[in-house]
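Trainee: Sequence:
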Amino acid sequence: MERNEIFYDWLRAKFFEIEDNDTRVQQLTAAVNDLATILEKDLHKVRCCTLSALDSDIPITNPSIVATYELVKKHWSSIEGKYPEPPRGILRGIILSALYQLGMKDAELCRIIYYTASGYCQFVRFGNEESIINRILKEFGKDVEDEALAEWSLGNAPVAPTPTALKLKNLSLELKLDSTEVDENELKKALTEAAGIEPRHNHGPQNGTQFWSPHFGSTASAGIVKAIKTAVNSFGGSLSTSTLETEINKYFANINNSLNNAFKESFQSLLAVERRSKLLWWKETLYSTTLRKSYREIDAAVLPVVMAIDLVKLLPDLTPVSVDYLLTDTYRAVKHDESIKQPLSKLLACFEDEEQQKLLASHLPMLTDCGERTTLTSFLTQVVHDQKSLKKLTHYTGLRADVEASHQQLAVIVLHDLLTERLIQEANAA
Numbered sequence: 001m002e003r004n005e006i007f008y009d010w011l012r013a014k015f016f017e018i019e020d021n022d023t024r025v026q027q028l029t030a031a032v033n034d035l036a037t038i039l040e041k042d043l044h045k046v047r048c049c050t051l052s053a054l055d056s057d058i059p060i061t062n063p064s065i066v067a068t069y070e071l072v073k074k075h076w077s078s079i080e081g082k083y084p085e086p087p088r089g090i091l092r093g094i095i096l097s098a099l100y101q102l103g104m105k106d107a108e109l110c111r112i113i114y115y116t117a118s119g120y121c122q123f124v125r126f127g128n129e130e131s132i133i134n135r136i137l138k139e140f141g142k143d144v145e146d147e148a149l150a151e152w153s154l155g156n157a158p159v160a161p162t163p164t165a166l167k168l169k170n171l172s173l174e175l176k177l178d179s180t181e182v183d184e185n186e187l188k189k190a191l192t193e194a195a196g197i198e199p200r201h202n203h204g205p206q207n208g209t210q211f212w213s214p215h216f217g218s219t220a221s222a223g224i225v226k227a228i229k230t231a232v233n234s235f236g237g238s239l240s241t242s243t244l245e246t247e248i249n250k251y252f253a254n255i256n257n258s259l260n261n262a263f264k265e266s267f268q269s270l271l272a273v274e275r276r277s278k279l280l281w282w283k284e285t286l287y288s289t290t291l292r293k294s295y296r297e298i299d300a301a302v303l304p305v306v307m308a309i310d311l312v313k314l315l316p317d318l319t320p321v322s323v324d325y326l327l328t329d330t331y332r333a334v335k336h337d338e339s340i341k342q343p344l345s346k347l348l349a350c351f352e353d354e355e356q357q358k359l360l361a362s363h364l365p366m367l368t369d370c371g372e373r374t375t376l377t378s379f380l381t382q383v384v385h386d387q388k389s390l391k392k393l394t395h396y397t398g399l400r401a402d403v404e405a406s407h408q409q410l411a412v413i414v415l416h417d418l419l420t421e422r423l424i425q426e427a428n429a430a
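The C-terminal residue of the sequence shown carries number 430 in the UniProt record's numbering, and the numbering is unbroken.
No wet-lab data here; the hints were simulated from the structure. All C-beta atoms, glycine included, are put in the ideal place defined by N, C-alpha and C. Among these hints, one or two may not hold up.
To be verified - Keeping only pairs whose Cα atoms sit at most 16 Å apart, straight-line, the calculated EDC-like set for lysine to aspartate or glutamate is:
(1) Lys41 x Asp143
(2) Lys105 x Glu19
(3) Lys138 x Asp317
(4) Lys105 x Glu129
(5) Lys313 x Glu274
(6) Lys335 x Asp299
Claimed, not checked - Pair by pair, the computed Cβ-Cβ distance ranges are:
(7) Ala429 x Leu137: 27 to 35 Å
(8) Thr246 x Glu70: 22 to 30 Å
(9) Asp146 x Lys313: 19 to 27 Å
(10) Lys278 x Glu85: 47 to 55 Å
(11) Arg422 x Leu149: 32 to 40 Å
(12) Ile255 x Asp22: 28 to 36 Å
(13) Glu70 x Arg276: 42 to 50 Å
(14) Ala429 x Asp353: 32 to 40 Å
(15) Ser77 x Asp386: 19 to 27 Å
(16) Thr23 x Ala401: 38 to 46 Å
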């Protein structure tokens with residue numbers, strides 16, 4: 001297993017509070033591995049643990065913290081004696097290390113962790129752990145972007161395969177055949193016999209051609225024919241039908257692979273073109289397929305959520321960061337504001353308006369919830385369905401009501417949360 005750099009970053013920063021103790025390192029490493037094994041089977045828990053680990057003020061009663069503490073106690077049985085209460089710093093480090101371990105080996109988990117963390121981190125000021133969390137965001141963000149660019153790339157393949165695109169390699173037909181030779185000794189023996197005395201009349205070549213010539217012709221030709229037949233039969237024996245079949249099948253298999261690769265590249269390019277065309281049409285029309293009205297007719301306060309709901313329908317599970325900018329630029333094209341920021345309490349107040357709740361309720365279904373630490377979108381969904389109050393914003397999301405944010409930021413957060421929700425739902429359905 002590769003070295004978990006986040007674990008050792010946390011260790012070097014002395015957040016594990018174990019000093020130079022190899023036994024404790026082994027115990028905590030075992031807890032990290034146990035937690036990673038549990039989380040990789042449940043994408044929903046991955047999102048919940050991400051939110052819990054990022055919050056430096058997360059209550060020690062949080063389910064993710066409590067569950068992690070129980071894992072640590074299995075390996076470090078005396079931890080309760082040293083820490084009367086669950087050590088928040090140690091447990092956050094365990095969770096972050098497990099998340100990093102998962103994200104480094106699984107692209108889908110990497111996306112969930114990155115989208116969840118990036119939506120939360122932009123509104124929070126971290127302490128000494130900031131550089132460690134930034135490392136996770138930077139590495140995972142790069143991995144997500146590289147994967148998305150590869151999927152969205154137009155590639156170099158033409159729309160229809162051409163001879164240039166279908167260069168077939170290693171298609172030489174190799175048949176190993178025996179050499180074909182006339183048996184010189186047998187032929188010489190036959191010709192010598194033919195040149196001898198004609199046995200019926202006892203004539204030789206000196207007696208003329210009346211009897212000897214027919215004898216020589218028939219005997220010599222019979223010998224030559226026999227020698228040639230023997231050589232040809234030997235040659236034919238080296239031609240195996242199974243060998244021919246194998247070589248021909250191998251030849252056409254290579255052709256098939258070349259065609260498949262060309263068509264795959266072409267299809268990938270066509271998909272990329274189709275996605276881009278849909279997005280350009282969406283931006284050009286400024287029309288909500290969800291509410292069936294122009295974006296210009298929708299209240300600016302709820303427009304970010306409406307646009308995110310519309311846009312996520314056009315996107316695959318993996319999107320490059322350029323899509324985020326497309327969303328924010330399209331919002332500005334409609335409302336012409338310059339990323340004006342306002343406190344979250346004011347920015348989100350519209351979601352408690354009865355009229356806006358009726359507008360959004362049927363289009364913003366309940367998301368999987370993480371209880372006392374959940375995503376902003378999940379919390380807003382509960383507000384829209386009149387299950388939560390905005391007064392509980394900090395309690396459920398960890399975000400302070402006085403933190404400032406813009407409509408564009410809200411739109412991107414909702415988009416990422418909806419993409420993550422879809423990944424989780426698809427995993428649950430599988």
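Trainee: With reference to the structure, classify each hint as holding or not holding.
Mentor: Checked hints:
{"no.": "1", "hint": "Lys41 x Asp143", "in the structure": "21 Å, violated"}
{"no.": "2", "hint": "Lys105 x Glu19", "in the structure": "29 Å, violated"}
{"no.": "3", "hint": "Lys138 x Asp317", "in the structure": "20 Å, violated"}
{"no.": "4", "hint": "Lys105 x Glu129", "in the structure": "23 Å, violated"}
{"no.": "5", "hint": "Lys313 x Glu274", "in the structure": "14 Å, holds"}
{"no.": "6", "hint": "Lys335 x Asp299", "in the structure": "10 Å, holds"}
{"no.": "7", "hint": "Ala429 x Leu137: 27 to 35 Å", "in the structure": "29 Å, holds"}
{"no.": "8", "hint": "Thr246 x Glu70: 22 to 30 Å", "in the structure": "60 Å, violated"}
{"no.": "9", "hint": "Asp146 x Lys313: 19 to 27 Å", "in the structure": "25 Å, holds"}
{"no.": "10", "hint": "Lys278 x Glu85: 47 to 55 Å", "in the structure": "52 Å, holds"}
{"no.": "11", "hint": "Arg422 x Leu149: 32 to 40 Å", "in the structure": "20 Å, violated"}
{"no.": "12", "hint": "Ile255 x Asp22: 28 to 36 Å", "in the structure": "59 Å, violated"}
{"no.": "13", "hint": "Glu70 x Arg276: 42 to 50 Å", "in the structure": "48 Å, holds"}
{"no.": "14", "hint": "Ala429 x Asp353: 32 to 40 Å", "in the structure": "34 Å, holds"}
{"no.": "15", "hint": "Ser77 x Asp386: 19 to 27 Å", "in the structure": "46 Å, violated"}
{"no.": "16", "hint": "Thr23 x Ala401: 38 to 46 Å", "in the structure": "44 Å, holds"}
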